[in-house]
Amino acid sequence: MKIINIETKKESIADKAVESEIRNFAFSPDSRWIVYAKETSNGQPAIWVFNIEDAKSIQLTDHTFNDFAPVFSADGNYIFFLSNRDFNLGFSSFEFDYVYQNATRIYAMILAADGPKLFKDKNDVEPVKEGETENQKKENEQTSGKKEDKLTVRIDTEGINNRIVVLPPATGNYRDLIPVEGGLLYLVGGKLEKYDIEKEKSEEIMSNVSQVQVSADNKTMLYRSGNDYGITAIKPGIKPDEGKLNLDNLEMKIEPRKEWTQIFNDAWRIFRDYFYVDNLHGVNWKKVKENYIKWIPYVGHRADLDHILSEMVSELNAGHAYINWGDFEQVKRIEGGLLGAKLEPDAKANKFKISEIFDSENWNSQRRSPLTTPGVDVNEGDYLISINGKEIKTDENPYLYLENTAGKRTEITVSANADGSNPRTSVIEPVKSELELMYLTWVNQRRELVDKLSNGRIGYIHVPNTSYEGNRELFRGMYAYHDKEALIIDDRYNGGGFIPDVMTSLLDRKTLSYWQRSGLEPMRTPGVAHDGPKVMLINGYSSSGGDAFPYFFKKKGLGTLIGTRTWGGLVGISGNAQLVDGANISVPRFGIYDENENWIIEGIGVYPDIEVVDRPEQLAKGEDPSIEKAVEVLLRQLKENPVKKVKKPQPPNRAGWIEEDID
Numbered sequence: 016m017k018i019i020n021i022e023t024k025k026e027s028i029a030d031k032a033v034e035s036e037i038r039n040f041a042f043s044p045d046s047r048w049i050v051y052a053k054e055t056s057n058g059q060p061a062i063w064v065f066n067i068e069d070a071k072s073i074q075l076t077d078h079t080f081n082d083f084a085p086v087f088s089a090d091g092n093y094i095f096f097l098s099n100r101d102f103n104l105g106f107s108s109f110e111f112d113y114v115y116q117n118a119t120r121i122y123a124m125i126l127a128a129d130g131p132k133l134f135k136d137k138n139d140v141e142p143v144k145e146g147e148t149e150n151q152k153k154e155n156e157q158t159s160g161k162k163e164d165k166l167t168v169r170i171d172t173e174g175i176n177n178r179i180v181v182l183p184p185a186t187g188n189y190r191d192l193i194p195v196e197g198g199l200l201y202l203v204g205g206k207l208e209k210y211d212i213e214k215e216k217s218e219e220i221m222s223n224v225s226q227v228q229v230s231a232d233n234k235t236m237l238y239r240s241g242n243d244y245g246i247t248a249i250k251p252g253i254k255p256d257e258g259k260l261n262l263d264n265l266e267m268k269i270e271p272r273k274e275w276t277q278i279f280n281d282a283w284r285i286f287r288d289y290f291y292v293d294n295l296h297g298v299n300w301k302k303v304k305e306n307y308i309k310w311i312p313y314v315g316h317r318a319d320l321d322h323i324l325s326e327m328v329s330e331l332n333a334g335h336a337y338i339n340w341g342d343f344e345q346v347k348r349i350e351g352g353l354l355g356a357k358l359e360p361d362a363k364a365n366k367f368k369i370s371e372i373f374d375s376e377n378w379n380s381q382r383r384s385p386l387t388t389p390g391v392d393v394n395e396g397d398y399l400i401s402i403n404g405k406e407i408k409t410d411e412n413p414y415l416y417l418e419n420t421a422g423k424r425t426e427i428t429v430s431a432n433a434d435g436s437n438p439r440t441s442v443i444e445p446v447k448s449e450l451e452l453m454y455l456t457w458v459n460q461r462r463e464l465v466d467k468l469s470n471g472r473i474g475y476i477h478v479p480n481t482s483y484e485g486n487r488e489l490f491r492g493m494y495a496y497h498d499k500e501a502l503i504i505d506d507r508y509n510g511g512g513f514i515p516d517v518m519t520s521l522l523d524r525k526t527l528s529y530w531q532r533s534g535l536e537p538m539r540t541p542g543v544a545h546d547g548p549k550v551m552l553i554n555g556y557s558s559s560g561g562d563a564f565p566y567f568f569k570k571k572g573l574g575t576l577i578g579t580r581t582w583g584g585l586v587g588i589s590g591n592a593q594l595v596d597g598a599n600i601s602v603p604r605f606g607i608y609d610e611n612e613n614w615i616i617e618g619i620g621v622y623p624d625i626e627v628v629d630r631p632e633q634l635a636k637g638e639d640p641s642i643e644k645a646v647e648v649l650l651r652q653l654k655e656n657p658v659k660k661v662k663k664p665q666p667p668n669r670a671g672w673i674e675e676d677i678d
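Take the sequence shown: its position 239, counting from 1, is numbered 254 in the numbering used here, and each next residue is one higher.
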């Protein structure tokens, strides 16, 4: 966190972050203090203040909780901040597992030891009326009729944690605390609310708000609602279009070459300042700029600039260094419609045959199939006769007749015969994409292969990424197949996402105990755990989080890696910077190394224990060499070290046990 003196132009460092960036800060009303959140040694952020006059930082809250987003109150008496201090236990719907959710509340810190209380004293019968002390009377007499003194913020650090109070609003997903006269604005659940200090309660200011900026006098605000902006006084019950700004005639004149030069310079600076190691992989970054800026005068289109930027950042030899398009004209897209099936032309019949209908889960909206929905009479091997009454022949693209049909009722006629005799007509709703259906079919085919080769002894789980979908597939698969003797975890084509430590921990679960119940089979703890051997399949498309997953798998000794070396891209990205025309660039901001102080995986990948190449001609024939090898390895391991089957012991006999113990 740096401070620049506007008059002297002198720049100084106020404080440095520990693990995560100092993301927000706020000045005190007298401009003598800066309040901010910074992590302590245990990773928990605390509230700090920086005294500009003394150039000293002071930690206010301890390192016990996650404290963040601090702001001074408008009168300088308090610091409002958010903190996760509510440990609300939430249980899983699938097993005995839990997390702590919905933990955030708004807190206030009384800064001066004799500062004003935030909540009035209350009495069951009547309000308490406090009389003025002699000192207060003298102060009131002295200040009566005089000009208001200049505001000065005083912070007494001794005992300050005992002067923290919680505001009445319940726990929620709060953000953007904004001090205003008499209270505090905040966003929660898409609503803008104000906490009134005098009334000691919150009231809604406006709904459907995503951003707010308040004027210097704290009386007016600029808001964003959807794609609209407006300016209005801060008051309860603001209507959605109140104070809406008319931006229809707003025009901007852009000189492309000047803008492209700015974009180039900004991109170069962002990589210089945010790359995860200061030496930028040993690259002379100034020299790189000199080499590539020469090409800017020859840029004739925004795409040319992207090409130059891509070439420039490739000099760093780092993964996750991406340039995403900015101000491009977008061609209007015509939505199509898909059947969830393969169509193969039959030249002799001049018709398309439905050669394969992809697998589906019609209870899942993402995997709904138009042709397997109940009531639809279409089978593999049928000929496609017509769509919405239009005859379909092989000399035309059948998807022309499915344009703009996704999610709409569409009539389809098929026949088991090439001549169209005995036609059957069904009403279907085509889908926008077949990717989920094709993926499900691919997974099911491999699961069936594993089941066949192992005679049902081995379970198969494919993990497409380490983000939402991958976690869903892994946990869903573990719940379904943890009772198998062995498991194949397929990390091939894993596109990454989150760091997969939680996913690895799931695979690392072992049975800790068994519980006998009357008349029922024993339970075990944890309820979902796998005690048998495992293998993980990898290939060159196992990337990012898909690199980390097999590394963690191997690190924990969970099993054998089979396949080919992974992609080798394990530097992380976070908070991509935006350029002036709306483009954004992703800068590698953290890299991985091990306990031996060696950089790992990035640019190298994770090597298999057993190398197996899935040759395309084998895959085309429906073979899967990696799976075949995995089954072979697991069956051998089961033979050499069979999983122990724990039997229920004989019921304990404790007759006379207490008497014997007493003697």
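Hints are computed from structural coordinates only; laboratory data are not their basis. Even glycine gets a Cβ: it sits at the ideal position worked out from N, Cα and C. A hint or two may mislead.
Said to hold, decoys possible - Taking lysine-lysine pairs in the DSSO-like style, the calculated list, with each CA pair at most 27 Å apart, reads:
| no. | residue 1 | residue 2 |
| --- | --- | --- |
| 1 | Lys-268 | Lys-214 |
| 2 | Lys-347 | Lys-363 |
| 3 | Lys-234 | Lys-467 |
| 4 | Lys-636 | Lys-571 |
| 5 | Lys-206 | Lys-268 |
| 6 | Lys-408 | Lys-423 |
| 7 | Lys-304 | Lys-273 |
| 8 | Lys-165 | Lys-135 |
| 9 | Lys-135 | Lys-273 |
| 10 | Lys-368 | Lys-569 |
| 11 | Lys-525 | Lys-405 |
| 12 | Lys-368 | Lys-302 |
| 13 | Lys-234 | Lys-165 |
| 14 | Lys-206 | Lys-234 |
| 15 | Lys-570 | Lys-654 |
| 16 | Lys-636 | Lys-569 |
| 17 | Lys-423 | Lys-405 |
| 18 | Lys-423 | Lys-357 |
| 19 | Lys-662 | Lys-569 |
| 20 | Lys-662 | Lys-525 |
| 21 | Lys-165 | Lys-206 |
| 22 | Lys-132 | Lys-165 |
Unchecked claim - Derived Cβ-Cβ restraints for the label pairs, each shown as a range:
| no. | residue 1 | residue 2 | range |
| --- | --- | --- | --- |
| 23 | Ile-625 | Ser-520 | 56 to 66 Å |
| 24 | Gly-197 | Lys-31 | 50 to 60 Å |
| 25 | Arg-348 | Asp-281 | 53 to 63 Å |
| 26 | Lys-525 | Arg-348 | 48 to 58 Å |
| 27 | Lys-214 | Phe-343 | 23 to 33 Å |
| 28 | Arg-532 | Arg-348 | 16 to 26 Å |
| 29 | Gly-351 | Thr-526 | 24 to 34 Å |
| 30 | Tyr-113 | Asn-294 | 39 to 49 Å |
| 31 | Val-33 | Lys-525 | 45 to 55 Å |
Hints, verified against the model:
no.	hint	in the structure
1	Lys-268 with Lys-214	violated, 49 Å
2	Lys-347 with Lys-363	violated, 37 Å
3	Lys-234 with Lys-467	violated, 72 Å
4	Lys-636 with Lys-571	violated, 36 Å
5	Lys-206 with Lys-268	violated, 35 Å
6	Lys-408 with Lys-423	holds, 23 Å
7	Lys-304 with Lys-273	holds, 17 Å
8	Lys-165 with Lys-135	holds, 26 Å
9	Lys-135 with Lys-273	violated, 59 Å
10	Lys-368 with Lys-569	violated, 47 Å
11	Lys-525 with Lys-405	violated, 60 Å
12	Lys-368 with Lys-302	violated, 60 Å
13	Lys-234 with Lys-165	holds, 20 Å
14	Lys-206 with Lys-234	holds, 18 Å
15	Lys-570 with Lys-654	holds, 25 Å
16	Lys-636 with Lys-569	violated, 31 Å
17	Lys-423 with Lys-405	holds, 16 Å
18	Lys-423 with Lys-357	holds, 20 Å
19	Lys-662 with Lys-569	violated, 31 Å
20	Lys-662 with Lys-525	holds, 17 Å
21	Lys-165 with Lys-206	violated, 35 Å
22	Lys-132 with Lys-165	holds, 21 Å
23	Ile-625 with Ser-520: 56 to 66 Å	violated, 25 Å
24	Gly-197 with Lys-31: 50 to 60 Å	violated, 36 Å
25	Arg-348 with Asp-281: 53 to 63 Å	violated, 30 Å
26	Lys-525 with Arg-348: 48 to 58 Å	holds, 51 Å
27	Lys-214 with Phe-343: 23 to 33 Å	violated, 51 Å
28	Arg-532 with Arg-348: 16 to 26 Å	violated, 58 Å
29	Gly-351 with Thr-526: 24 to 34 Å	violated, 50 Å
30	Tyr-113 with Asn-294: 39 to 49 Å	holds, 44 Å
31	Val-33 with Lys-525: 45 to 55 Å	violated, 35 Å
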